[in-house]
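Asker: This is what each chain is made of:
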Amino acid sequence: MAYGDKVLDHYENPRNVGTLDKNDPNVGTGLVGAPACGDVMRLQVKISDDGKIEDAKFKTFGCGSAIASSSLVTEWVKGKSVDEAMTIKNTQIAKELALPPVKIHCSVLAEDAIKAAIADWKKKKGLSAQPQTPAEEKRIDG
Amino acid sequence: MPIKLPIYMDNNATTPLDPRVLEAMMPYLTTEFGNAASRSHPFGWKAEEAVDRAREQIAALIGGNEKEIVFTSGATESINLALKGAGEFYKEKGNHIITVRTEHKATLDTAKRLERQGFDVTYLPTDKFGRISAQQLREAITDKTILVSVMLANNEIGTLQPIAELGEVTREKGVLFHVDAVQGVGKVPFDVEKMKVDLASLSAHKIYGPKGIGALWVRRKPRVRIAPIIDGGGHERGMRSGTLNVPGIVGFGQAAELAQQLMPEEGKRTYQLRKKLQDYLFGHLDHLELNGHPTERLPGNLNASFAYVEGEALMMAIKNVAVSSGSACTSASLEPSYVLRACGVSEDLAHTSIRFGIGRFNTDDEVDYVGKYVVEQVKRLREMSPLYEMANEGIDLSKIEWAAH
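Protein sequences, first through last, are from chains A and B.
Per this note's numbering, the first sequence runs over residues 1 to 142.
Per this note's numbering, the second sequence runs over residues 1 to 405.
If we strip away everything but chain A, and leave its shape as in the complex, we get (with noise of 0.2 Å):
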């Protein structure tokens, strides 16, 4: 499969590939996807006491396409706040990378990812468990 040039210069060279302490109660850890579906993201935000988010690390599993995803969103997320973070659409990183429709899903794991790294922060700090909006289904297979 061919591919557009961000996707592979992410690919190539990966953004904030790493892992920060998941027991950190500042930080937010998301695991979307399945190894039998062959994508599995990680991804870690850490968040301030403000609600920004100070850093983000992600390991993932996957095509390229996943993997340039997942290191395009912890570019964006880092530096916002949560509540911004939260607004990032699947869409909008597909649209980014320019990706093809087959590899849909894989900007849909990567909003997965960053809604469930946040959750998981949230429940740390005991707040509001805001129903988490899973991303909307745009992907063509199962």
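Bear in mind the hints are in silico, worked out from the structure with no lab data behind them.
There's no promise every hint is true.
[What the hints assert, rightly or not] Okay, derived cross-link-like pairs now, DSS-like style, lysine-lysine, Cα gap no bigger than 25 Å in a straight line: (1) A:K22 <-> B:K399; (2) A:K124 <-> B:K399; (3) B:K399 <-> A:K115; (4) B:K319 <-> A:K6; (5) B:K379 <-> A:K6.
[As the list claims (entries may be wrong)] Computed beta-carbon distance windows for the label pairs: (6) B:P189 <-> A:N13: 45 to 51 Å; (7) A:L127 <-> B:D127: 51 to 57 Å; (8) A:D5 <-> B:D368: 27 to 33 Å; (9) B:E115 <-> A:K89: 41 to 47 Å.
[Said to hold, decoys possible] Selected chain B positions facing chain A (in silico; Cβ < 8 Å): (10) E310; (11) E312; (12) A313; (13) M316; (14) S327; (15) P336; (16) E347; (17) D348; (18) S385; (19) P386; (20) L397.
Note that the structure is a prediction, hence the values are computed from the model and not measured.
Backbone N, C-alpha and C define an ideal beta-carbon position, used for all residues, glycine too.
We have chain A already, so just place chain B on it with the hints.
Answerer: Same frame as chain A, now just chain B:
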């Protein structure tokens, strides 16, 4: 000698044209353009002579007779012709066909079409290495069985089927035996007489010949009958109409002759290269699983699952080497390899499989390069893999409730 990049190591997909084959073809692409069916002038006679010579070269490679070769557009057509043609001709005798779950799609999809037309098809399960046994076949044959179709060697995992033993069973039971010999012929011994085969599908481009030409070998003694699937001018004794692809046929013949000459040496050499790559990878990486049979496999085929690294991502990472993967992400269907699944390989591991196909033109230096390159990139990707980190922390990944998506 410096290595030229990218390296082609996907010789189970196709092989480069051998320069000696191209040389043999050139006259028939230029001055000797006659139609082999033209009986009235020297242009046609020369073409026919060349085609007949190719029949001899191909028949010699498989231990058959030159009059038993039916040229087709490739092995997919040959397999369609064998199954549909024999099915049509012998349907009064019975409607049961036996094949194997790990066969090529050309066989499986043809079998499925025949099922829709009223045939019963048994798809034999394999062991974890992708092999079936003669006993299994014997038990599956009924008084309605007319045809058994089994591949000589698997295109993905390289596993060799016990063709000679299966041929004993089909001959004893009076059932036709079709062998999809595409991947194995020219690489491992294949003899239609010794192995008691009745129909064999062959392809030129897997043995360093041109694409677009194949053959179905159809036994004459005792005579095997097939109904044509393409009607027209009655070429190939009525079994396959259509003007013969003379340059392709000449190339196929030359490729077959070369394969026969080179096989003893080339088989050893490609085996040694594969073994070297395999030993290097297994010596330098943990969590690596061999797919297919440890010994009964094509000499140049290596298929392995690099756990915790998705196959397509790995192929992107080793972009200087052309290989293929059983990962879903490389197929339109998003399903991982059905061949690996049939061997009981988990979906997780099927997603991480890579097939290396070493062939005639691969060198020792290339194998050294590929080994180091793959190890380096697998390690890099594993550093990015949450699964590798979790596995190393002792977390049992099979116990996690993954949200399937």
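Asker: Now, for every hint given, state plainly whether the structure supports it.
Answerer: Tested hints:
1. Simply put, K22 of chain A and K399 of chain B have alpha-carbon atoms about 19 Å apart, close enough for the 25 Å limit, and the pair holds.
2. For the proposed pair K124 of chain A and K399 of chain B, the alpha carbon gap of about 24 Å is at most 25 Å, so the pair holds.
3. For the suggested pair K399 of chain B and K115 of chain A, the alpha carbons sit about 23 Å apart, so the restraint of at most 25 Å is met.
4. For the suggested pair K319 of chain B and K6 of chain A, the alpha carbons sit about 17 Å apart, so the restraint of at most 25 Å is met.
5. The straight-line distance between the Cα atoms of K379 of chain B and K6 of chain A is roughly 23 Å, inside the 25 Å bound, and the hint therefore holds.
6. Taking the beta carbon of each, P189 of chain B and N13 of chain A are about 50 Å apart, inside 45 to 51 Å as hinted.
7. For L127 of chain A and D127 of chain B, the hinted distance range of 51 to 57 Å is satisfied, since their beta carbons lie about 54 Å from each other.
8. A beta carbon spacing of about 32 Å between D5 of chain A and D368 of chain B agrees with the range 27 to 33 Å that was offered as a hint.
9. E115 of chain B and K89 of chain A have their C-beta atoms about 45 Å apart, which keeps the hinted 41 to 47 Å range intact.
10. With 8 Å as the threshold, the beta carbon of E310 of chain B comes within range of chain A, its nearest partner Cβ sitting at about 5 Å, so the hint holds.
11. A cut of 8 Å between beta carbons decides the hint on E312 of chain B: the least distance to chain A is about 4 Å, and the hint holds.
12. A hinted interface residue such as A313 of chain B counts as satisfied when its beta carbon comes closer than 8 Å to some beta carbon of chain A; here the least separation is about 5 Å, so the hint holds.
13. For the restraint placing M316 of chain B at the interface with chain A, the shortest Cβ-Cβ distance is roughly 5 Å, inside the 8 Å limit, so the hint holds.
14. The beta carbon of S327 of chain B comes within 6 Å of a beta carbon in chain A, closer than 8 Å, and the hint placing it at the interface holds.
15. For the restraint placing P336 of chain B at the interface with chain A, the shortest Cβ-Cβ distance is roughly 7 Å, inside the 8 Å limit, so the hint holds.
16. The interface hint given for E347 of chain B holds, since its Cβ lies 4 Å from the closest Cβ of chain A, which is under the 8 Å cut-off.
17. At about 4 Å, the closest approach between the beta carbon of D348 of chain B and any beta carbon in chain A falls short of 8 Å, and the interface hint on this residue holds.
18. With a cut of 8 Å, the hint placing S385 of chain B at the interface with chain A holds, because the nearest CB-to-CB distance is about 5 Å.
19. Taking 8 Å as the C-beta cut-off, the interface hint given for P386 of chain B holds, the closest approach to chain A being about 4 Å.
20. Among the interface hints, the one on L397 of chain B holds; its C-beta lies about 6 Å from the nearest C-beta in chain A, closer than the 8 Å criterion.
Checked against the numbered hints given earlier, the structure satisfies every one of them.
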